[in-house]
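First to last, the protein sequences are chains A and B.
Under the numbering used here, the first residue of the first sequence is numbered 1, with each subsequent residue one higher.
Under the numbering used here, the first residue of the second sequence is numbered 1, with each subsequent residue one higher.
If you are wondering where the hints come from, they were derived from the structure by calculation, not from laboratory data.
Hints should not be assumed to be uniformly reliable.
[Unchecked claim] The calculated DMTMM-like cross-link candidates involving lysine to aspartate or glutamate, where the alpha carbons are at most 20 angstroms apart (straight line), are:
#: 1; chain 1: A; residue 1: Lys72; chain 2: A; residue 2: Glu111
#: 2; chain 1: A; residue 1: Lys54; chain 2: B; residue 2: Asp230
#: 3; chain 1: A; residue 1: Lys186; chain 2: A; residue 2: Glu111
#: 4; chain 1: A; residue 1: Lys113; chain 2: A; residue 2: Glu124
#: 5; chain 1: A; residue 1: Lys54; chain 2: A; residue 2: Glu8
#: 6; chain 1: A; residue 1: Lys72; chain 2: A; residue 2: Glu156
#: 7; chain 1: A; residue 1: Lys54; chain 2: B; residue 2: Asp231
#: 8; chain 1: A; residue 1: Lys72; chain 2: B; residue 2: Asp231
#: 9; chain 1: A; residue 1: Lys72; chain 2: B; residue 2: Asp47
#: 10; chain 1: A; residue 1: Lys113; chain 2: A; residue 2: Asp62
#: 11; chain 1: A; residue 1: Lys54; chain 2: A; residue 2: Asp90
#: 12; chain 1: A; residue 1: Lys72; chain 2: A; residue 2: Glu124
[As the list claims (entries may be wrong)] Output of the computed footprint for chain A on chain B, the stretches with three or more beta carbons under 8 angstroms from beta carbons of chain A:
#: 13; segment: 43-55
#: 14; segment: 170-177
Cβ coordinates follow ideal geometry from the N, Cα and C atoms, glycine included.
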Amino acid sequence: MTSLQFSEVGVRYGQHDALSNFTDTVKPGEWLCLIGPNGAGKSSLLRSVAGLAKHSGEIRVDGSPLRMRSAKRRAQLVAYVPQSPVLPDDMTAREYVVLGRNPFVSHFGSETKHDWAIVADVLERLDLVDLAHRAVGTLSGGEKQRVVIARAIAQEAPILLLDEPTSALDIGHQQQALELVDQLRKEHGLTVVSAMHDLTLAGLYSDRLCLLHQGYRVVSGTAAEVLRQETLAEFYGVSARVHHAEDGTVVVIPYRQGASGN
Amino acid sequence: MRRWWIPAAGALALVSVLLGAMVGPAGPTWWRVPLALLDHLPLISIDSGVTPREWTIIWDIRMPRVVLAALVGSMLSLSGASYQGVFRNPLVDPYLLGVAAGAGLGATLVFTLNRTGSSTWIIDPLPLSAFAGGLLAVLVTYVVGTAFGGQRSASTLVLAGVAVTALATAVQTFVLQRHTDVVRQVYSWILGRLSSATWGDVRLVFPYVVVSSAVLFLHRRLLDIMRVGDDEATALGASVNRVRIVVVIAATLGTSAVVAVSGLIGFVGIIVPHAVRLLAGASYRVIVPLSLLVGASFLIIADIPGRVLQNPSETPIGVVTAFLGAPFFLLLLRTKQGTR
């Protein structure tokens, strides 16, 4: 299992600081969920780990700086699922999943039997065998999300980054996708960092939440510690009640100010 | 299932070559031609009944034309497929990006400056000048097309290509008007000519086509990765910019060389790759080799009606491909515009 350390990481787009001074350590096998309103810097943080945003400070994987790595080596360590992945309509699911093997194939080489065996294995474990030869453009939203996760798993990277993995899914498929990630995390010992908008789901699946606001890290801890009514009001500007269920689940319920019954 | 496409396309190419060698005014009876070709292979001796004069027609008039058509057709198709891949845009081809017009301008300059002298140089400047023109055109198209429309707009890139084509053609016309002595020569070349092909033309483009195709062939897996967009391809460890630059240079080099010899033959680079996609799927591992073979067959066959329809004068090949290609492009525009 692999740890991920951030020391004073900053991301800047032109004159605008999207992320400032972020310091944190994600423990091996931990699921850290980044929360915060739009523009808080969640995506910028994930993109800096994936090598898509220039950053200041240092990101370390198991103690060694990520910036020293080649793009290929980085892709062997970090798999990234973007918020809205590009799915070429006419590509088959199998052709799409094998793209995840790129970090292991030489520039002009082609995939070995071993690579195809891993793809077959991933398709099987994610219950995609029947869809392997379907064009991804013809799949449903939930199936698409599974195919994208399959590509990331085929990458065999110990760190998995998920940017809003459930934003395009209905409540049932949200649960399915997150259960799948959790199951894969346990099987492979993955370290997961995700950005999520649904606070209840974020608290339910992750080990730890980290709240960002305007590029700054505000607070980090368990769902019960972070999801507090005053905190949400201050940083999201939302009127919401926080309900602690008997099983420990923290539920965030928005309410209307002045509506009857309050 | 999929692995049968390549042998099938190979067989199609072989049949096209034979057809191309068999059809034409004058020359021997059609069925004697394959026999005569076999007879000239090493270690095979068949009495084909073809006279030496008829063999000259086959070997020195028809075969260079067939081989040149094959080289031009495969290069334009492969370049079209590659441009579509690296620009992630189903609507582009060497013509719509302005590459062909730029290469045409480069070639025209060689014609007007000094053609009689330069054709005897050790390295013929014609393809190189065409390459310089083609590369400049595609760079301008790309920079302008993405600056205003962003990566996601398929039609902005095409519009920029149209503008670049218009500009290059205008400069070409201007240059030609000041050199009226070569107008006839240049115009018959612009319309696309395979009819006057010689083995010398084949020798001129062959090295460029081989180098360019080899480079594009090596990139077929990477072209698949480019399809998921720059961000995701980078996150998968691909060097996106390097791949794009190398592929564009290789495709432009090959296109320019064939344009320098055969003139402007439009729409091959858009018809063939899309037909291949419809038949055999969207992976560049299949599209690249199939475009090569199907493109060669397509242009050899498209060149045949021109020889017999208007005997003895010929319909230029560029007219035949535009006649087939323009409606196809409009159809494609209609179906693809809404999807991205």
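Each hint tested on the structure:
A C-alpha spacing of about 15 angstroms is found between Lys72 (chain A) and Glu111 (chain A), which places the hinted pair at or below 20 angstroms, so the restraint holds. Distance hint between Lys54 (chain A) and Asp230 (chain B) is fulfilled; the C-alpha atoms sit about 15 angstroms from each other, no more than 20 angstroms. Between Lys186 (chain A) and Glu111 (chain A) the CA atoms are separated by roughly 27 angstroms; this puts the pair beyond 20 angstroms, and the hint is violated. Only pairs whose Cα atoms come within 20 angstroms are accepted, and Lys113 (chain A) paired with Glu124 (chain A) is accepted, the gap being roughly 16 angstroms.
Between Lys54 (chain A) and Glu8 (chain A) the alpha-carbon distance is near 13 angstroms, which keeps this suggested pair within the 20 angstroms criterion. For the proposed pair Lys72 (chain A) and Glu156 (chain A), the alpha carbon gap of about 13 angstroms is at most 20 angstroms, so the pair holds. Between Lys54 (chain A) and Asp231 (chain B) the alpha-carbon distance is near 13 angstroms, which keeps this suggested pair within the 20 angstroms criterion. Restraint check for Lys72 (chain A) and Asp231 (chain B): satisfied, since their Cα atoms lie roughly 14 angstroms apart, inside the 20 angstroms limit.
Distance hint between Lys72 (chain A) and Asp47 (chain B) is unfulfilled; the C-alpha atoms sit about 61 angstroms from each other, more than 20 angstroms. With a CA separation close to 30 angstroms, the supplied pair Lys113 (chain A) and Asp62 (chain A) exceeds the 20 angstroms bound. Taking the CA atoms of Lys54 (chain A) and Asp90 (chain A), the gap is near 33 angstroms; set against the 20 angstroms cutoff, the hint is violated. A C-alpha spacing of about 26 angstroms is found between Lys72 (chain A) and Glu124 (chain A), which places the hinted pair above 20 angstroms, so the restraint is violated.
Check result for the segment 43-55 of chain B against chain A: violated, 0 residues qualifying (beta carbon to beta carbon below 8 angstroms, three or more required). For a cut-off of 8 angstroms, the count of residues in the segment 170-177 of chain B with a CB near a CB of chain A stands at 0, and the three-residue condition is violated.
In summary, the numbered hints that this structure violates are 3, 9, 10, 11, 12, 13 and 14.
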